[in-house]
Structures are given as structure tokens and as C-alpha cells.
Amino acid sequence: MSSVDRSEYTEGMERIDSNILEKVLDEAAGFDAQSYTERDVRTALSNDALSIGDFAALLSPAADGMLEEVAVRAKDETRRRFGNAVGLFTPIYLSNHCDGGCVYCGFSRDSGIKRTALSPEDAERKMRAVASTGLTDVLLLTGESRSMSGVRYIGECVRAASEHFRSVGIEVYPLNVSEYAYLRECGADSVTVFQETYDPEAYAELHLSGQKKVFSYRFDAQERALQGGMRGVAFGALLGLGDAAKDAFSCGVHAHMIQRKYPHAEISFSVPRLRPFVNSPSYVNPVSERRLLQVAMAYRIFMPSAGITVSTRESPSFRDNVIGLCATRISAGVSVSVDGGDDGNDGQFDISDERSVAEVRRALEERGMQPVFNDYVRT
Amino acid sequence: MDMLDLGGRKFRSRFILGSGKFSLDMTRKVIESGGVEIATLAVRRANSGGEENILDHIPKGITLLPNTSGARNAEEAVRVALLARELGCGDMVKVEVVRDSKYLLPDNFETVRAVRLLSKEGFIVLPYMMPDLSAAREMEAAGAAAVMPLGAPIGSNKGLLTKDFIKILVDEIDVPVIVDAGIGRPSQACEAMEIGCAAVMANTAIATASDVPLMASAFKAAVEAGRQAYLAGLGRVRDCGEASSPLTGFLEDR
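Just so you know, the sequences run in chain order A and B. Going by this note's numbering, the first sequence opens with residue 1, and the numbers climb by one from there. Going by this note's numbering, the second sequence opens with residue 380, and the numbers climb by one from there.
It is possible that some hints are incorrect.
Said to hold, decoys possible - Pairs of lysine-lysine, DSS-like flavour, derived with a Cα cap of 27 Å:
{"no.": "1", "chain 1": "A", "residue 1": "K23", "chain 2": "B", "residue 2": "K537"}
{"no.": "2", "chain 1": "A", "residue 1": "K75", "chain 2": "B", "residue 2": "K537"}
{"no.": "3", "chain 1": "B", "residue 1": "K537", "chain 2": "A", "residue 2": "K246"}
As the list claims (entries may be wrong) - Now the stretches of chain B that chain A is said to cover, found in silico as 3 or more residues with beta-carbon under 8 Å:
{"no.": "4", "stretch": "424 to 430"}
{"no.": "5", "stretch": "530 to 536"}
Simulated from the structure, these hints should not be mistaken for laboratory data. A virtual CB, placed ideally from N, CA and C, is assigned to each residue, including glycine.
One chain only, chain A, in its complex shape (with noise of 0.2 Å):
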């Protein structure tokens, strides 16, 4: 097995008794996506429950070959599993301070942004205007600073949140178990994590400064979330920095070992990509949206019962397509600077489907979906 480098760990970081990561990197090893045929992927569809193999089928070459057949039974799962029903939230963004040097992102240490976090009163407000479209899930998210963005600060967000909405999620740096319970405590029901890139040699290029080098804490948060009591994790790659397939393949191996350790965790999955623009950076393998799909019906046929969140980062008509083939929660009325306002340009990323709350309900309800703005009960 492959033994993971954790000297990296800086003062504060918890270790957890887990060898999922070496598993993980022990299977993304021996993924060698051109290995696959038509074959494979026709006895991986017409599986019950996939196996890890079957799932890396649907990512090879000869899987984007037959997309067709696959959409077949991606959007029979889905509609086995989730109706019709298409989950509503938005993501709230609290704060863009960050020490995180990572090469790719408009929150980046270095970017030159400016920089803001919301006061929990100016936080309040914003929940109450988010609430009041209707929606009870958010996301609440927070750049990599422990500095400007603390674990108190985040909890007391959470407590704000979940005074106005029914789930609240957190896309905050990684944190300890018992942080975690705190914000449990505090009110939150999920905690969300990307792995960025689950290549830990690209991964160490790409991301310079911060805790959020070291690659081990990272790939651990989700078990310490559900060690802290949280319901659900997600997860995600930002396809595009690595090898897009073999990205995904980790990402949702990653998922299945921690469904299987902790089989009651709630598990979704986000797909983000880096879209192909004009000069490029050499970093980037852009991600077209065919391939993008792809990822998305296999985790959907891989793991039936995840959820499948899609950003506005996707254009309204891909949106609302991939909605009832595998995905099964979108966001609505985002905003993605903290302060809201429209200059635009301390955003983490450009947002391609401006739709309001009520202009995604209406397109979901024409194209025979239900629009779901509740799924959750506190217990």
C-alpha cells in the first residue's frame, strides 16, 4: 500500500486513525483509463451495483463513445432514486481572506482582490434577503484564513444561519473533529471539501502557501466532519488541474470508502471544472462540457443515492439539462463576492448563469422538474 507522507502536518493539525488516502492512492495507481472497452462499459451498465472497476469503465475513452447509453441509465437512477425533485440553495459567501496560494483561484493570497469579511450583522442581513427568496439550504463559505475567518467566526455564522434556514452547509478550510463539532453544534448539517486534485505531485505545485499545502489534512476532512456529527459530506475535483479522468476516478473511490466506513453519511459529489478560455495557463487541462458530463453520470450511476450539486460556473442551458440526467441539486440567485456588490471583480470565479431564484424555478417546472426548496428535517 502506498504509505502517505504526513510530516507535512503543522502544529494543530489533527491525525485520525484512517488509511483511506493510501487506499484511495493505491487504486488511482492502477487506473489506466485507456485499458477500457466498449465491453467493459457494456457490463458495467448493465450491473446492479457497480464495482470500482465498472466506475473507472465509465471514465475511460470508451465510455465518452457511447455517452448516449450511458445517459440511459444515469437518468433511470436518478429518477429511480430522486422523482422528479431538484434541490434549491445558494451559496453565501462570508469572507475572501485567504492564505492559500493557490495558483488557479480569484481568492489566491496574492490576487490582489479586496479583501472583506461580513460582519456577523452585515452576514444577518444578507441571510435574511437570501431567506426571504424562499429558500431554506445555503452553503456558507469562507476563504483559507483561520486568522480573518476563525472557527468562532464561522460558528457564529452558522448559528445566524440556522436561525433562517432549515440546512446550512459549510465550505470552510479543513478543520479538527472537535471543530467540527462545534459547528455542529452550532447548527451546521454538512460540510463540503475539494480535494482541488487528488494527484499529490500536481497538487503540491498548484498549491504554494497555507495549511491548505499539505494534501493529507485535506484528503481527511470529510471522515473528521462525520467524526464530528456532521450528516453529509461532499465532494469534489476541480477537473482540469490533473488528469480529468483519473481526478474524478479518486474523487468518487474517495466517496465510496467513506460511504462504506460510514454508511449513514449523506455523500454528494460537485463537479467543477476549469473551462477551456484563451491562453490558458499550462496548468490547465480544460474540461469540455462533454467530458464534464461524463464525470457527472458516472458518479450518478457509481453511487446512486448521492446527491450531485451543479455551480453556476455551468451555463443555464447545461444546467438545466444535466437537472433529471444526474444531477440533483443546483444553486439559485448566487452572488459570489462576499459583499455582494456588483463590481465584480473579487469574485472567486465567473459566474455563467445569472438566473434569479424565481427564473430557475420557472425554467426547472417547464421542463417537467419540481423544484424543491426543502429536504431536511433537524433531528
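Got chain A; can you put chain B on it based on the hints?
Chain B in isolation, oriented as in the chain A frame:
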């Protein structure tokens, strides 16, 4: 009159409709064409005072059967049930305790505990369960008004995979046995009724049909046919032919 009796409440229809997988504005039509009197709803979907609240779409006169979806142990199930009562969903509750997010299979052990706690709270308790005789007996003893074994994993549309075990429950348990989950087509619902189940619940099979109300009406007919066949007494089906000369013909002092 042949009525379904759940904790003293009587129903003519033996087709229980699940909800949540088709658009809310279709609910009334589906209920009508299915002749439905009981509709389940996930408390987690209730959005009182908010948008797309399922409670606003269920016609008056329909008995609500809230479920405790989302509960992972008995205590959580109790909290969800109490919330349902607060929301005005009445005092019938379908207990769902699931600690497996992959297949959504119920946890019988925690479910037995939940039945005990909820019966004490005065609920009419209908537990969703794996068809296991010991567990069903425990649930009955704990006050369950019916047991709701699964025919196959939820959403699978695979039908009565657990038929033989469900039949054992029908034979051995005094409260009604209601097949919940897995029923994929009307013929399977009919089959469940033929073997003596008291009612059938379906959701995915209906929600995934091209014509949802028409499928509800097909289920209604199938459930009624199966019930009539059960009441009429099915002729015995033999695996082998009758012996032409009697095997006991040698007895002399008949």
C-alpha cells in the same frame, strides 16, 4: 364491508400513495385516479409557510401518513414524528429509521425501539422494516398498528423479491402487513395482495411512469383485483400432478 383497519381507523382503499417523486401540482389528480385515501409524505419535505410545501397540495379528506425519513435512530424518529404532529399531520406515523444512505435499507433494531417510544406517545405506528419475523413480532408487541416490510430496495422497481418472507409475516402476524418499497408494476402489487397483504404502498413506480395519473389508476385496479382474489380463496396450485392411484389405498381398516 371489507375495510383496511389501521389502529382502529378504517379505510376502503388499500393502495397507499407515496409522494415526493412527482410534481406537487399533480398530487390531486394522482390521488383521485388512484382512489387513494392515505398518502405518505416526508416530514423533511414539509415547508410550512414556505415555497412548494407538500402539505398545501394534499386534498382535504386524505389521511396523511408522515414518515420519519432522515431519522437514523429511534430518538430522531420520535423527534420527527412529534414535528409531524405539530405540523398538523395527525397521529399516524410511518417509522423509517435508516442508517444506510446507499440502499436506504431500514434498521429493524432501532425501528423496534422507535415503535415502542412512539406508541407510548399515542401515535398509530406503522414501521417500515426488513421482513424479519422476530422483528415483526417485537414491533407488534411494541404496539405497531401494522408492519410495512419492503418488497425490494426502495426505488428499485424490482417487485416482491422478499415474497416468501412477507408471506411468513402474513401468516404469523396479527396486524396488517403492508408491502412498502420495491413494487415496480401493478402486477406485483396484485401479487402482494393475492398472498394476503392488507395494502400496498407505491411511489417510484407511479412517479416514473410516462402518464402518472393513469399508472395510479392501474395500481388501484391491480390492488383491488389482488384483494378480491385473496378473499375469493385462490385455488391450490400444485407443483406436481395428482397420483393416479392413491398412496394410502392399502389401508384395510378404514
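A quick look at each hint next to the structure:
1. K23(A) with K537(B): 34 Å, violated
2. K75(A) with K537(B): Roughly 17 Å between the alpha carbons, so the hint for K75(A) and K537(B) holds.
3. K537(B) with K246(A): With Cα atoms ~34 Å apart, K537(B) and K246(A) exceed 27 Å; violated.
4. 424 to 430: holds (count 5)
5. 530 to 536: As far as the stretch 530 to 536 of chain B goes, the hint holds, because 3 residues have Cβ atoms under 8 Å from chain A.
Violated hints for the displayed structure, listed by number in ascending order: 1 and 3.
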